[in-house]
Amino acid sequence: MQAIEGVLFEPVGCLAEFPAEPFLEIAARSFGRKKKTSKSGSRAYWHLLNLMEASGGTMSEALELQAVDGASVYEDVEPALSELKTMGVRLVIASSLSGAAVARFLKKCPPGDFFEGVWTRDNAGGVKAEPLRRAVAGASLHPESVMFLTDTAEGLKVAKSAGVQSILMMNDPDEARRLAMHDPAGGIVSLHELPDFIRFVAAENRVSTGLPKSPSDPAQTPPRALLRQSR
Amino acid sequence: MKNISIYRPKTVGEAIQILSQHGTEGGVYAGGTDLLVRLKNRLKQAPSYLVDIKRIDNLRYIKEDAQGGVAIGTATRLSEIADSALLKKKYPMLVEAIHTISSPELRNASTLGGDLLQEVWCQYLRGGYSCYRNGGYMCYGAIGDNSYYHSAMGGRLCYAAYPGDAATALIPFDARVKLATPAGVKELSVEQLVPGDMMVDGRIQSHVVRFNEILTEVVIPAPKPGARTSFEKLRPRGVWDFAMASLAMNLQVRGNTIDDARVVFGGIAGKPLRETAVENFLKGKTLSADLGGQAVSVALANAAPLKYNEMKIEMAKGLLASGLAKLNASN
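Residue numbers (my numbering), protein chains in the order written: chain A, 7 to 237; chain B, 2 to 332.
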């Protein structure tokens, strides 16, 4: 894997646990789908995006905002994003939510100027892969040096179609085992592993490419702890 | 099996030179009970250039030092340690632990250095899955069957448990090691040698030894007066298996009062886990029948088991209670 320079975040399932109910309600009201029960907000959301893409319809913004209000931000978001920012990794929101929904979500997030760009379905002009493509182009990054975190099969497909590294968030072991068959570029158990993942890829690249060694090169300095002792 | 080249240097200096030439493609070959299995299993991470250190004749010994401690060359076979009268007399707990490693046949081949630095025995890595330790970017143990060989104390990236028993048994004696490096000899404690998953030379490994360094000696300080030690190990089968949980203890007891304690769990984390909360709890306490129950209540507070290995924590706590009961009874 090429060294990672940027990370794209879809808030749903990646930065926060979203309730499924509002997304299922939108699918029922706007697309005439029979209302199902689903524990996973992410799956309901990506299913809805498929419907939107297929029919060209749109989401009810009120229900979307309701989903944002019901979302709980993961507790490791703040430390992970702070560490990534310190490492110089570029962080961008690339979401199929509306601009208003993302803006409200960012107000729920821990304070900190983490994201250098925010791409939504409104300013990207589309859903699924479109915000990712615009985010990569907007940050002038090479797609191969960018990762997109996701916890759904749809998310993995979208990342591949945008040419970025698809990284599976293995929130639920059983679901992750199933999704691992979709051949993601990598996987992390939770967000707190992301900085180490990026360091690992960078160190591996330095060793394998034989680039000039710098004082911070793990191959040249005494080994540094990769792990904290426990979650 | 991939094509390999084998070098047979006569000195540690020569071996380091060869390892330096081949970078991370090289690897030290001694007993081969870990390395050859990785090669046979066609693991991507297995080295292509093997540096056989068996012909270096000053790495295989057990000798008492002037301070009453014992130095062991790292090419010493585990069976030689298990049969050593000197070690039985001075460190019976270490000998007991070595006896529980694998089978007699494998102990006849395995070396002390190899046991300390062995690769994890996660079935996904060993089965050739493309995990963090084998050229990939995912831990299959974290999401798959993690009941036996994975950490119940959390982790980062790789969740495999550190498999060695020798390190678990050496840490309670404050044992140290010597590393031959291109810049000279480096000394570390065993605890510093195997600190859990580390990024070294672009690889994830359980120990801090770099590609061009060789572990040459383990030095165990003289036993302290009043030392009472125990080692216990639970494993899926009675023999020939790795610890699901193990515990090595070394208590320094005066009268019946514990002056100092070393408590080290094996098999439950990415490293031999020194449980300082229990050590601090035990200091100043009187060895008694109910001490085990009290110690268990402060043990492993940071446990973070995976889906299928919560029982490892209960096993480890059970070993703590039974170990303390055994030490109390040994009065």
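The hints are simulated quantities; they were obtained by calculation from the structure and are not laboratory data.
Think of the CB as a built atom: it goes at the ideal place given N, C-alpha and C, for glycine as much as any other residue.
There's no promise every hint is true.
Said to hold, decoys possible - Among chain B residues calculated to face chain A with C-beta under 8 Å, some are:
#, residue
1, Met2
2, Ile5
3, Thr25
4, Gly28
5, Tyr138
6, Met139
7, Cys140
8, Ile144
9, Arg157
10, Asp202
11, Gly203
| request: Answer holds if the nearest beta-carbon of chain A is closer than 8 Å to that of Met2(B); otherwise answer violated. | output: 23 Å, violated
| field | Closest C-beta approach of Cys140(B) to chain A relative to 8 Å, hint status | value | It holds, given that the least Cβ distance between Cys140(B) and chain A is near 7 Å, below 8 Å.
| query | With 8 Å as the cut and Cβ atoms as the points, is Thr25(B) at the interface with chain A? | reply | 6 Å, holds
| Proposed interface contact between Tyr138(B) and chain A, which counts if any beta carbon pair is under 8 Å | 3 Å, holds
| request: Grab the minimum C-beta distance from Ile5(B) to chain A and call the hint holds if it beats 8 Å, violated otherwise. | output: 20 Å, violated
| request: Mind checking the CB of Ile144(B) against every CB in chain A and telling me if the closest is under 8 Å? | output: Since chain A brings a Cβ to about 4 Å from Ile144(B), closer than 8 Å, the hint holds.
| Hey, does the Gly203(B) contact hint survive, CB to chain A under 8 Å? | 3 Å, holds
| message | Given Gly28(B) as an interface hint, is its Cβ closer than 8 Å to any Cβ of chain A? | response | 15 Å, violated
| query | Given Arg157(B) was flagged as interface, is its beta-carbon under 8 Å from a beta-carbon of chain A? | reply | This hint holds: Arg157(B) lies near chain A, its Cβ roughly 4 Å from the closest one there, short of 8 Å.
| request: Let me know if the C-beta of Asp202(B) comes in closer than 8 Å to any C-beta of chain A, holds or violated. | output: Hint on Asp202(B): holds, closest Cβ of chain A at ~5 Å, below 8 Å.
| Per-residue hint verdict: Met139(B), partner chain A, C-beta under 8 Å | Status holds, d = 4 Å.
The earlier numbered hints that this structure contradicts are 1, 2 and 4.
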